[in-house]
Amino acid sequence: MAPIKKFNSNGVSYSTELDFENQTVNFSIENPKKPNKPESLYKYYTLNGFTLDALINHYLFSSHPMSLNDKYDCAGELIDYSNLTLDNFIDRFSKELKLFSEDKVRQLFNSDKKWVLDRTFADLNQMILYMKFGLISLTEDPKDTLMWAYYAQNSGFAIKLQTSLLPQEFFGPFPINYCETLKRIDFTKYDSSLCVLYQSNVKQKIWEPEKEWRFLTYNKNGKYHPYYSNADIRTRKFHYNFGAIEGIILGYDFFNPKEIEYSKRTSEYDIINLTNKKSKGKKKLKRKLLSFIVKNSIPCTQIIRHRFSFTLDFKEIKIEQESANKFKVFNPFKQDEE
13 MAPIKKFNSN
23 GVSYSTELDF
33 ENQTVNFSIE
43 NPKKPNKPES
53 LYKYYTLNGF
63 TLDALINHYL
73 FSSHPMSLND
83 KYDCAGELID
93 YSNLTLDNFI
103 DRFSKELKLF
113 SEDKVRQLFN
123 SDKKWVLDRT
133 FADLNQMILY
143 MKFGLISLTE
153 DPKDTLMWAY
163 YAQNSGFAIK
173 LQTSLLPQEF
183 FGPFPINYCE
193 TLKRIDFTKY
203 DSSLCVLYQS
213 NVKQKIWEPE
223 KEWRFLTYNK
233 NGKYHPYYSN
243 ADIRTRKFHY
253 NFGAIEGIIL
263 GYDFFNPKEI
273 EYSKRTSEYD
283 IINLTNKKSK
293 GKKKLKRKLL
303 SFIVKNSIPC
313 TQIIRHRFSF
323 TLDFKEIKIE
333 QESANKFKVF
343 NPFKQDEE
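When we follow the working numbering, the leftmost residue of the sequence shown carries the number 13, and every step to the right adds one.
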(Lines of atoms letter the chains of each structure in order from A and count residues from 1; the text may use other names and numbers.)
(Lines give C-alpha, C1' and ligand atoms only; values in the text may rest on other atoms or scores of the structure.)
Protein backbone atom coordinates (compact mmCIF):
# COMPACT_ATOMS: atom_id res chain seq x y z
CA MET A 1 0.00 0.00 0.00
CA ALA A 2 1.33 3.43 -0.93
CA PRO A 3 2.23 5.63 2.04
CA ILE A 4 -0.27 8.33 2.99
CA LYS A 5 0.86 11.85 2.12
CA LYS A 6 -1.43 13.82 4.41
CA PHE A 7 -1.55 13.97 8.21
CA ASN A 8 -3.63 16.02 10.64
CA SER A 9 -2.79 17.00 14.19
CA ASN A 10 -4.33 19.59 16.50
CA GLY A 11 -6.33 21.09 13.64
CA VAL A 12 -3.23 21.51 11.47
CA SER A 13 -2.90 19.71 8.14
CA TYR A 14 0.45 18.44 6.82
CA SER A 15 0.95 17.26 3.25
CA THR A 16 3.79 16.44 0.86
CA GLU A 17 3.90 16.07 -2.90
CA LEU A 18 6.75 14.77 -5.03
CA ASP A 19 7.82 17.00 -7.92
CA PHE A 20 8.88 14.32 -10.41
CA GLU A 21 10.31 16.78 -12.93
CA ASN A 22 12.73 18.37 -10.46
CA GLN A 23 13.01 15.35 -8.14
CA THR A 24 12.11 17.42 -5.10
CA VAL A 25 9.40 17.31 -2.45
CA ASN A 26 6.89 20.12 -1.94
CA PHE A 27 6.05 20.56 1.74
CA SER A 28 2.78 22.17 2.78
CA ILE A 29 1.23 23.05 6.13
CA GLU A 30 -2.26 24.52 6.61
CA ASN A 31 -2.63 26.10 10.03
CA PRO A 32 -6.04 27.80 10.32
CA LYS A 33 -4.88 29.81 13.34
CA LYS A 34 -2.22 31.52 11.22
CA PRO A 35 -3.13 31.26 7.53
CA ASN A 36 -0.98 34.20 6.36
CA LYS A 37 2.76 34.63 6.55
CA PRO A 38 3.96 37.75 8.41
CA GLU A 39 5.52 40.41 6.20
CA SER A 40 8.48 40.52 8.59
CA LEU A 41 10.12 37.99 10.89
CA TYR A 42 12.78 38.47 13.55
CA LYS A 43 15.90 36.60 14.62
CA TYR A 44 17.32 37.11 18.11
CA TYR A 45 21.08 36.87 18.62
CA THR A 46 23.57 37.04 21.46
CA LEU A 47 26.59 39.18 20.61
CA ASN A 48 29.51 37.00 19.54
CA GLY A 49 31.75 36.34 16.56
CA PHE A 50 29.46 33.69 15.04
CA THR A 51 26.32 35.84 15.12
CA LEU A 52 28.13 38.85 13.67
CA ASP A 53 29.52 36.69 10.89
CA ALA A 54 25.97 35.52 10.11
CA LEU A 55 24.71 39.11 10.00
CA ILE A 56 27.57 40.62 8.01
CA ASN A 57 27.61 37.77 5.50
CA HIS A 58 23.80 37.62 5.58
CA TYR A 59 23.10 33.95 6.18
CA LEU A 60 20.92 32.00 8.58
CA PHE A 61 22.33 28.94 10.31
CA SER A 62 20.15 25.87 9.98
CA SER A 63 20.21 24.02 13.29
CA HIS A 64 20.38 20.31 13.96
CA PRO A 65 17.69 19.03 16.38
CA MET A 66 20.37 18.07 18.91
CA SER A 67 21.32 21.76 19.18
CA LEU A 68 17.81 22.96 20.08
CA ASN A 69 17.13 24.12 23.62
CA ASP A 70 13.83 22.22 23.85
CA LYS A 71 14.69 18.53 24.15
CA TYR A 72 11.29 17.48 22.75
CA ASP A 73 11.56 19.81 19.76
CA CYS A 74 11.95 17.73 16.60
CA ALA A 75 12.66 14.71 18.83
CA GLY A 76 13.12 11.30 17.25
CA GLU A 77 10.39 9.95 19.53
CA LEU A 78 7.80 11.93 17.54
CA ILE A 79 8.14 9.32 14.78
CA ASP A 80 6.68 5.93 15.68
CA TYR A 81 8.79 3.02 14.41
CA SER A 82 7.02 0.30 16.43
CA ASN A 83 5.25 -1.22 13.42
CA LEU A 84 8.36 -1.91 11.37
CA THR A 85 8.48 -5.41 9.92
CA LEU A 86 11.32 -7.88 9.67
CA ASP A 87 11.72 -6.94 5.99
CA ASN A 88 12.03 -3.26 6.97
CA PHE A 89 14.92 -4.07 9.29
CA ILE A 90 16.63 -6.33 6.77
CA ASP A 91 16.37 -3.70 4.04
CA ARG A 92 17.88 -0.98 6.27
CA PHE A 93 20.47 -2.86 8.34
CA SER A 94 21.56 -5.66 6.01
CA LYS A 95 21.08 -4.43 2.47
CA GLU A 96 21.42 -0.65 2.76
CA LEU A 97 23.79 -0.01 5.67
CA LYS A 98 25.35 -3.50 5.94
CA LEU A 99 25.32 -3.08 9.70
CA PHE A 100 24.02 -6.56 10.58
CA SER A 101 23.76 -9.79 8.62
CA GLU A 102 20.27 -10.96 7.69
CA ASP A 103 20.62 -13.86 10.14
CA LYS A 104 21.55 -11.44 12.94
CA VAL A 105 18.55 -9.26 12.17
CA ARG A 106 16.21 -12.27 12.23
CA GLN A 107 17.74 -13.46 15.49
CA LEU A 108 17.23 -10.09 17.18
CA PHE A 109 13.76 -9.61 15.71
CA ASN A 110 12.52 -12.92 17.14
CA SER A 111 14.09 -12.44 20.57
CA ASP A 112 13.56 -10.31 23.66
CA LYS A 113 16.24 -8.01 22.25
CA LYS A 114 14.12 -6.72 19.38
CA TRP A 115 14.34 -3.34 21.12
CA VAL A 116 17.93 -3.14 19.85
CA LEU A 117 16.62 -3.05 16.28
CA ASP A 118 13.90 -0.55 17.17
CA ARG A 119 16.25 1.83 18.97
CA THR A 120 19.03 1.55 16.40
CA PHE A 121 16.66 2.16 13.49
CA ALA A 122 15.19 5.25 15.17
CA ASP A 123 18.60 6.68 16.14
CA LEU A 124 20.16 6.09 12.74
CA ASN A 125 17.17 7.46 10.86
CA GLN A 126 17.27 10.66 12.92
CA MET A 127 21.02 10.99 12.34
CA ILE A 128 20.82 10.37 8.61
CA LEU A 129 17.83 12.65 8.05
CA TYR A 130 19.26 15.67 9.86
CA MET A 131 22.68 15.50 8.29
CA LYS A 132 20.84 17.04 5.33
CA PHE A 133 17.73 18.61 6.86
CA GLY A 134 17.93 21.57 9.24
CA LEU A 135 15.76 24.10 11.05
CA ILE A 136 15.76 27.90 11.04
CA SER A 137 13.72 29.45 13.83
CA LEU A 138 12.35 32.98 13.65
CA THR A 139 9.59 34.85 15.48
CA GLU A 140 6.89 37.36 14.66
CA ASP A 141 7.38 39.07 18.06
CA PRO A 142 10.37 41.44 18.51
CA LYS A 143 9.33 42.62 21.99
CA ASP A 144 9.11 39.44 24.02
CA THR A 145 10.74 39.79 27.45
CA LEU A 146 11.64 36.12 27.78
CA MET A 147 13.20 35.85 24.32
CA TRP A 148 15.28 38.97 24.81
CA ALA A 149 16.52 37.51 28.09
CA TYR A 150 17.09 33.96 26.85
CA TYR A 151 18.21 34.30 23.24
CA ALA A 152 19.92 37.71 23.34
CA GLN A 153 20.74 38.01 27.06
CA ASN A 154 19.35 41.57 26.79
CA SER A 155 22.75 42.78 25.58
CA GLY A 156 22.55 41.24 22.11
CA PHE A 157 20.54 42.23 19.06
CA ALA A 158 17.79 41.13 16.72
CA ILE A 159 17.43 41.50 12.98
CA LYS A 160 14.19 42.27 11.18
CA LEU A 161 13.88 40.34 7.92
CA GLN A 162 11.47 40.82 5.04
CA THR A 163 9.89 37.40 4.68
CA SER A 164 9.30 37.63 0.93
CA LEU A 165 13.02 38.20 0.24
CA LEU A 166 14.25 35.12 2.06
CA PRO A 167 15.51 32.28 -0.18
CA GLN A 168 13.01 30.28 -2.17
CA GLU A 169 14.88 27.05 -1.42
CA PHE A 170 13.68 27.36 2.16
CA PHE A 171 10.54 25.36 2.92
CA GLY A 172 8.21 27.68 4.76
CA PRO A 173 8.09 29.66 6.87
CA PHE A 174 5.53 27.59 8.73
CA PRO A 175 3.96 28.63 12.05
CA ILE A 176 4.79 26.20 14.83
CA ASN A 177 1.93 23.92 15.87
CA TYR A 178 1.76 24.24 19.67
CA CYS A 179 0.01 21.22 21.20
CA GLU A 180 -1.24 20.30 24.65
CA THR A 181 -0.18 16.71 23.95
CA LEU A 182 2.42 15.66 21.39
CA LYS A 183 1.17 13.03 18.96
CA ARG A 184 3.39 10.45 17.23
CA ILE A 185 3.28 9.74 13.49
CA ASP A 186 3.57 6.15 12.21
CA PHE A 187 6.66 5.76 10.00
CA THR A 188 5.21 2.68 8.29
CA LYS A 189 1.89 4.32 7.43
CA TYR A 190 2.87 7.82 6.27
CA ASP A 191 5.29 9.09 3.67
CA SER A 192 8.76 9.53 5.20
CA SER A 193 9.00 13.16 4.07
CA LEU A 194 5.66 13.81 5.76
CA CYS A 195 7.07 12.38 8.99
CA VAL A 196 9.95 14.86 8.81
CA LEU A 197 7.63 17.79 8.10
CA TYR A 198 5.40 16.99 11.06
CA GLN A 199 8.30 16.18 13.39
CA SER A 200 9.91 19.54 12.65
CA ASN A 201 6.75 21.58 13.25
CA VAL A 202 5.24 20.52 16.58
CA LYS A 203 6.13 21.79 20.04
CA GLN A 204 4.56 21.65 23.46
CA LYS A 205 2.12 24.45 24.26
CA ILE A 206 4.41 25.86 26.97
CA TRP A 207 6.50 27.36 24.12
CA GLU A 208 3.55 29.16 22.50
CA PRO A 209 4.54 32.67 23.73
CA GLU A 210 7.56 32.51 21.40
CA LYS A 211 5.24 32.81 18.35
CA GLU A 212 7.77 30.91 16.28
CA TRP A 213 7.82 30.51 12.52
CA ARG A 214 10.19 27.95 11.12
CA PHE A 215 11.93 27.13 7.88
CA LEU A 216 12.81 23.55 7.02
CA THR A 217 15.99 23.43 4.94
CA TYR A 218 17.63 20.69 2.91
CA ASN A 219 21.13 20.33 1.48
CA LYS A 220 21.64 17.13 -0.50
CA ASN A 221 25.41 17.33 0.14
CA GLY A 222 25.04 17.80 3.87
CA LYS A 223 26.99 15.56 6.25
CA TYR A 224 26.67 17.70 9.36
CA HIS A 225 26.18 16.37 12.87
CA PRO A 226 27.00 18.50 15.93
CA TYR A 227 28.90 15.66 17.61
CA TYR A 228 30.38 13.57 14.82
CA SER A 229 30.88 15.69 11.70
CA ASN A 230 30.58 19.37 12.53
CA ALA A 231 33.48 20.20 10.20
CA ASP A 232 30.84 20.22 7.47
CA ILE A 233 29.29 23.30 9.05
CA ARG A 234 29.26 25.25 5.77
CA THR A 235 26.30 23.19 4.53
CA ARG A 236 24.22 24.65 7.37
CA LYS A 237 24.70 28.25 6.25
CA PHE A 238 21.86 29.46 4.02
CA HIS A 239 22.51 32.88 2.51
CA TYR A 240 19.82 35.45 1.86
CA ASN A 241 19.72 38.70 -0.11
CA PHE A 242 21.18 41.59 1.89
CA GLY A 243 18.10 43.61 0.97
CA ALA A 244 16.02 41.34 3.20
CA ILE A 245 17.44 43.14 6.27
CA GLU A 246 14.84 45.74 7.21
CA GLY A 247 16.42 46.81 10.47
CA ILE A 248 18.43 45.91 13.55
CA ILE A 249 17.21 46.11 17.14
CA LEU A 250 19.74 46.56 19.94
CA GLY A 251 19.01 45.03 23.34
CA TYR A 252 18.25 47.18 26.36
CA ASP A 253 21.67 46.47 27.87
CA PHE A 254 23.62 46.65 24.61
CA PHE A 255 25.47 49.74 25.84
CA ASN A 256 27.23 49.34 29.16
CA PRO A 257 26.91 52.48 31.37
CA LYS A 258 30.73 52.54 31.59
CA GLU A 259 30.84 53.07 27.82
CA ILE A 260 28.86 56.32 27.97
CA GLU A 261 30.78 59.59 28.23
CA TYR A 262 28.38 61.34 30.59
CA SER A 263 30.37 64.58 30.54
CA LYS A 264 29.53 64.92 26.84
CA ARG A 265 25.88 63.84 27.11
CA THR A 266 23.26 66.18 25.66
CA SER A 267 19.49 66.00 25.46
CA GLU A 268 19.91 64.77 21.88
CA TYR A 269 22.67 62.19 22.00
CA ASP A 270 25.15 60.08 23.95
CA ILE A 271 28.79 59.52 23.06
CA ILE A 272 29.67 55.83 23.28
CA ASN A 273 33.35 55.14 23.93
CA LEU A 274 34.46 51.61 23.12
CA THR A 275 38.18 52.01 23.80
CA ASN A 276 38.33 50.73 27.39
CA LYS A 277 40.72 47.86 27.97
CA LYS A 278 38.30 45.84 30.09
CA SER A 279 35.94 43.60 28.12
CA LYS A 280 38.12 44.30 25.10
CA GLY A 281 36.68 41.40 23.08
CA LYS A 282 33.09 42.47 23.65
CA LYS A 283 33.84 46.07 22.74
CA LYS A 284 35.49 44.95 19.53
CA LEU A 285 32.30 43.09 18.60
CA LYS A 286 30.19 46.15 19.39
CA ARG A 287 32.41 48.37 17.23
CA LYS A 288 32.08 45.90 14.39
CA LEU A 289 28.30 45.76 14.65
CA LEU A 290 27.81 49.52 14.99
CA SER A 291 30.21 50.20 12.09
CA PHE A 292 28.24 47.74 9.97
CA ILE A 293 24.98 49.52 10.79
CA VAL A 294 26.44 52.96 9.97
CA LYS A 295 28.24 51.87 6.80
CA ASN A 296 25.12 50.24 5.35
CA SER A 297 22.61 52.84 6.61
CA ILE A 298 20.54 50.14 8.28
CA PRO A 299 17.54 51.44 10.26
CA CYS A 300 18.20 50.88 13.94
CA THR A 301 16.03 50.78 17.05
CA GLN A 302 16.70 49.93 20.67
CA ILE A 303 14.67 48.20 23.32
CA ILE A 304 13.18 50.42 26.01
CA ARG A 305 11.05 49.64 29.05
CA HIS A 306 7.56 50.85 29.80
CA ARG A 307 8.29 51.12 33.48
CA PHE A 308 4.79 50.97 34.90
CA SER A 309 3.16 48.54 32.46
CA PHE A 310 6.19 46.23 32.75
CA THR A 311 6.45 45.67 29.01
CA LEU A 312 9.17 46.14 26.43
CA ASP A 313 9.02 48.37 23.38
CA PHE A 314 11.59 49.96 21.09
CA LYS A 315 12.34 53.40 19.79
CA GLU A 316 14.24 54.56 16.76
CA ILE A 317 17.84 55.63 17.26
CA LYS A 318 20.35 57.16 14.90
CA ILE A 319 24.04 56.24 15.04
CA GLU A 320 27.00 58.21 13.71
CA GLN A 321 30.60 57.05 13.88
CA GLU A 322 32.89 59.74 15.35
CA SER A 323 36.11 57.71 15.15
CA ALA A 324 37.25 54.10 15.09
CA ASN A 325 36.17 53.64 18.70
CA LYS A 326 33.54 56.31 19.34
CA PHE A 327 29.92 56.55 18.26
CA LYS A 328 27.27 59.21 18.67
CA VAL A 329 23.86 57.73 19.48
CA PHE A 330 20.88 60.04 19.02
CA ASN A 331 17.64 59.60 20.98
CA PRO A 332 19.33 57.65 23.79
CA PHE A 333 17.41 54.58 24.86
CA LYS A 334 17.81 55.13 28.61
CA GLN A 335 14.93 57.59 28.47
CA ASP A 336 12.40 54.98 29.56
CA GLU A 337 8.78 55.58 28.72
CA GLU A 338 6.14 56.22 31.35
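These are calculated hints, taken from the structure and not from any lab test. Heads up, a few of these hints could be off.
To be verified - Dumping the calculated EDC-like pairs for lysine to aspartate or glutamate here, alpha-carbon to alpha-carbon at most 20 Å: (1) Lys296 with Asp153; (2) Lys217 with Asp153; (3) Lys340 with Glu271; (4) Lys172 with Glu273; (5) Lys217 with Glu273; (6) Lys46 with Glu271; (7) Lys217 with Asp65; (8) Lys46 with Asp135; (9) Lys195 with Asp135; (10) Lys276 with Glu334; (11) Lys155 with Asp92; (12) Lys17 with Asp135; (13) Lys46 with Asp156; (14) Lys294 with Glu328.
Inset, instruction - Would you check the hint for Lys296 and Asp153, treating anything up to 20 Å between C-alpha atoms as holding? - result: violated (29 Å)
Inset, instruction - Verify the proposed pairing of Lys276 with Glu334, using a straight-line Cα cut of 20 Å. - result: holds (13 Å)
Inset, instruction - Could you grab the alpha-carbon distance between Lys17 and Asp135 and see if it respects the 20 Å cut-off? - result: Roughly 23 Å between the alpha carbons, so the hint for Lys17 and Asp135 is violated.
Inset, instruction - Could you grab the alpha-carbon distance between Lys46 and Asp135 and see if it respects the 20 Å cut-off? - result: violated (33 Å)
Inset, instruction - For the pair we were handed, Lys46 and Glu271, check the Cα-Cα distance against 20 Å. - result: violated (43 Å)
Legend entry - Restraint status (C-alpha distance of Lys340 to Glu271 at most 20 Å): Judged against 20 Å, a Cα distance of about 12 Å means the pair holds.
Legend entry - Lys46 paired with Asp156 [C-alpha distance capped at 20 Å]: Distance of about 19 Å is within 20 Å: holds.
Inset, instruction - Would you check the hint for Lys217 and Asp65, treating anything up to 20 Å between C-alpha atoms as holding? - result: Given that 20 Å is the threshold and the Cα spacing comes to 33 Å, the pair is violated.
Legend entry - Lys217 paired with Asp153 [C-alpha distance capped at 20 Å]: Since the Cα atoms of Lys217 and Asp153 sit roughly 17 Å apart, the hinted pair holds (cutoff 20 Å).
Inset, instruction - Assess, step by step, whether the Cα of Lys217 is no farther than 20 Å from the Cα of Glu273, and give holds or violated. - result: Distance ~46 Å between Lys217 and Glu273 Cα, so the pair is violated.
Inset, instruction - Would you mind confirming whether the straight-line C-alpha gap from Lys195 to Asp135 stays at or under 20 Å? - result: Satisfied, since the Cα-Cα distance of roughly 19 Å is no more than 20 Å.
Inset, instruction - Could you grab the alpha-carbon distance between Lys155 and Asp92 and see if it respects the 20 Å cut-off? - result: violated (37 Å)
Checked against the numbered hints given earlier, this structure breaks hints 1, 4, 5, 6, 7, 8, 11, 12 and 14; the rest are met.
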